[in-house]
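Participant: This is what each chain is made of:
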Amino acid sequence: DVKVTQSSRYLVKRTGEKVFLECVQDMDHENMFWYRQDPGLGLRLIYFSYDVKMKEKGDIPEGYSVSREKKERFSLILESASTNQTSMYLCASTGRTGWLNEQYFGPGTRLTVT
Amino acid sequence: DAKTTQPTSMDCAEGRAANLPCNHSTISGNEYVYWYRQIHSQGPQYIIHGLKNNETNEMASLIITEDRKSSTLILPHATLRDTAVYYCIVRVARVNDYKLSFGAGTTVTVRA
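One line per chain: the protein sequences are A and B, in this order. Per my numbering, the very first residue in the first sequence carries number 1; after that it's consecutive. Per my numbering, the very first residue in the second sequence carries number 1001; after that it's consecutive.
Each hint should be verified, as a subset may be incorrect.
[Said to hold, decoys possible] Taking lysine-lysine pairs in the DSBU-like style, the calculated list, with each CA pair at most 30 Å apart, reads:
id	chain 1	residue 1	chain 2	residue 2
1	A	K18	A	K3
2	B	K1099	A	K70
3	A	K55	A	K18
4	A	K57	B	K1099
5	A	K53	A	K18
6	A	K13	B	K1099
7	A	K53	A	K71
8	B	K1099	A	K55
9	A	K53	B	K1099
10	A	K70	A	K13
11	A	K71	A	K13
12	A	K57	A	K13
13	A	K55	B	K1003
14	A	K53	A	K13
15	A	K13	A	K3
16	A	K18	A	K70
17	A	K71	A	K3
18	B	K1099	A	K18
19	B	K1069	B	K1052
20	B	K1099	B	K1052
21	A	K57	A	K18
22	A	K3	B	K1099
23	A	K53	A	K3
24	B	K1099	B	K1003
25	B	K1052	B	K1003
26	A	K57	A	K71
27	A	K3	A	K57
28	B	K1003	A	K57
29	B	K1069	B	K1099
30	A	K71	B	K1099
Keep in mind the hints are simulated off the structure, nothing from the lab. These numbers come from a predicted model, not from an experiment.
Please model the complete structure; the sequences and the hints are all you need to start from.
Facilitator: Pasting the structure below:
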């Protein structure tokens, strides 16, 4: 079974803090993704990575950065957290032909910025 | 990618089949139909996908009409654990295009 794990289920941070969200997958997948999910807006892609040290911007990259130093790990960084970044953050991964097949999602991190 | 229309919510009795409709009247020839679901407070879970033929796996069956303008996801024997939001997504399967766009979905409640 594919497993995608995220470092925290719930996180509360203050405005201006630097926030790290970590994601690890155990299926040797090439591609990893960070999404955020908000009521009424659905799932929106923030960044994705198709290989170690490679990254591509998604639809809403502003205010975020990512890091992929190892194949199994993909980190999302909020450089200076703001209240409009309060959201559910979802990590996903997929293999080389994942553009055709399924993406596997982690359980999500519910981040609250106060 | 083509737009999809799903009912906002539906109820289903435990042990009965749940039939979830999805309209995608603007679908083009190279677009696939995907279904995911999201149980409360969890990440989305892939269910099934298809192009034009009907598909079946251990979770569900996907029936696509001949004109491909609509499809139905069938959960053959719904259980309480199938209570979730179900998303129908239509997208082109393009090499290196991984974007998934989830709409509002259908909230399915399975009742004992």
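Participant: Can the restraint linking B/K1099 and A/K18 be considered satisfied, given a maximum Cα separation of 30 Å?
Facilitator: 27 Å, holds
Participant: CA of A/K71 to CA of A/K3, is that 30 Å or under?
Facilitator: Holds: A/K71 and A/K3 sit about 14 Å apart, inside 30 Å.
Participant: Between the alpha carbons of A/K53 and A/K71, is the straight-line distance 30 Å or under?
Facilitator: Measuring from Cα to Cα gives roughly 9 Å; hence the hint holds.
Participant: Do the alpha carbons of A/K55 and A/K18 lie within 30 Å of each other, as the hint requires?
Facilitator: Given pair A/K55, A/K18 holds - Cα atoms ~20 Å apart, limit 30 Å.
Participant: Decide if the proposed pair is consistent with the structure: B/K1069 and B/K1052, CA atoms, cutoff 30 Å inclusive.
Facilitator: Roughly 10 Å between the alpha carbons, so the hint for B/K1069 and B/K1052 holds.
Participant: Under the criterion that the straight-line Cα-Cα distance not exceed 30 Å, is the pair A/K57, A/K71 satisfied?
Facilitator: Distance of about 18 Å is within 30 Å: holds.
Participant: Regarding the pair B/K1003 and A/K57, is the alpha-carbon distance no greater than 30 Å?
Facilitator: Distance of about 23 Å is within 30 Å: holds.
Participant: Could you grab the alpha-carbon distance between A/K57 and B/K1099 and see if it respects the 30 Å cut-off?
Facilitator: At roughly 11 Å apart (the allowed maximum being 30 Å), B/K1099 and A/K57 satisfy the hint.
Participant: Please work out if B/K1099 and B/K1003 have their alpha carbons no farther apart than 30 Å.
Facilitator: 14 Å, holds
Participant: Taking only the CA atoms, is the gap from A/K57 to A/K13 under or equal to 30 Å?
Facilitator: 24 Å, holds
Participant: Keeping to a limit of 30 Å between CA atoms, is the pair of A/K13 and B/K1099 held or broken?
Facilitator: 29 Å, holds
Participant: Can the restraint linking A/K55 and B/K1003 be considered satisfied, given a maximum Cα separation of 30 Å?
Facilitator: With Cα atoms ~28 Å apart, A/K55 and B/K1003 stay inside 30 Å; holds.
The structure meets every hint from the earlier list without exception.
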